[in-house]
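Participant: Sequence:
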Amino acid sequence: MKHRYSKSTLPSKICPICNRPFTWRKKWEREWENVRYCSERCRRAVKQSLRDVSSAHEGVITHEHTPLV
Numbered sequence: 032m033k034h035r036y037s038k039s040t041l042p043s044k045i046c047p048i049c050n051r052p053f054t055w056r057k058k059w060e061r062e063w064e065n066v067r068y069c070s071e072r073c074r075r076a077v078k079q080s081l082r083d084v085s086s087a088h089e090g091v092i093t094h095e096h097t098p099l100v
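Take any residue in the sequence shown, note its place counting from 1, add 31, and you have its number in our numbering.
Keep in mind the hints are simulated off the structure, nothing from the lab. Careful, some of the hints might be misleading.
For lysine to aspartate or glutamate, the following EDC-like pairs were computed, each having C-alpha atoms within a straight-line distance of at most 16 Å [to be verified]:
| id | residue 1 | residue 2 |
| --- | --- | --- |
| 1 | Lys44 | Glu60 |
| 2 | Lys78 | Glu64 |
| 3 | Lys38 | Glu60 |
| 4 | Lys58 | Glu71 |
| 5 | Lys44 | Glu62 |
Distance windows between CB atoms, simulated [unchecked claim]:
| id | residue 1 | residue 2 | range |
| --- | --- | --- | --- |
| 6 | Arg82 | Leu41 | 21 to 27 Å |
| 7 | Ser80 | Phe53 | 26 to 32 Å |
| 8 | Leu81 | Trp59 | 20 to 26 Å |
| 9 | Arg82 | Thr40 | 34 to 40 Å |
| 10 | Ala76 | Ser43 | 17 to 23 Å |
Just so you know, these numbers come straight off a predicted model, no measurement behind them. Glycine residues also receive a C-beta, built at the ideal position from the N, C-alpha and C atoms.
Construct the complete structure from the given sequences, taking the supplied hints into account.
Facilitator: Below is the structure:
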């Protein structure tokens, strides 16, 4: 069976987490415009870092509003 495309002609993007290039995959065919991360691991890293930032931010707000005795 012959491929309909060659690897050299596939579109590629740069992952904002690991800064590595990744190329189009068949499973991303319908949503290539929305694909931002090269892997599930990088996608999870973003969610984890957002959780860490928000929990740290909440802690700062709590301490700022604590009255000094």
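Participant: Of the numbered hints stated previously, which ones are contradicted by the structure, given in increasing order?
Facilitator: Hint check: 2, 6 and 7 fail, others pass.
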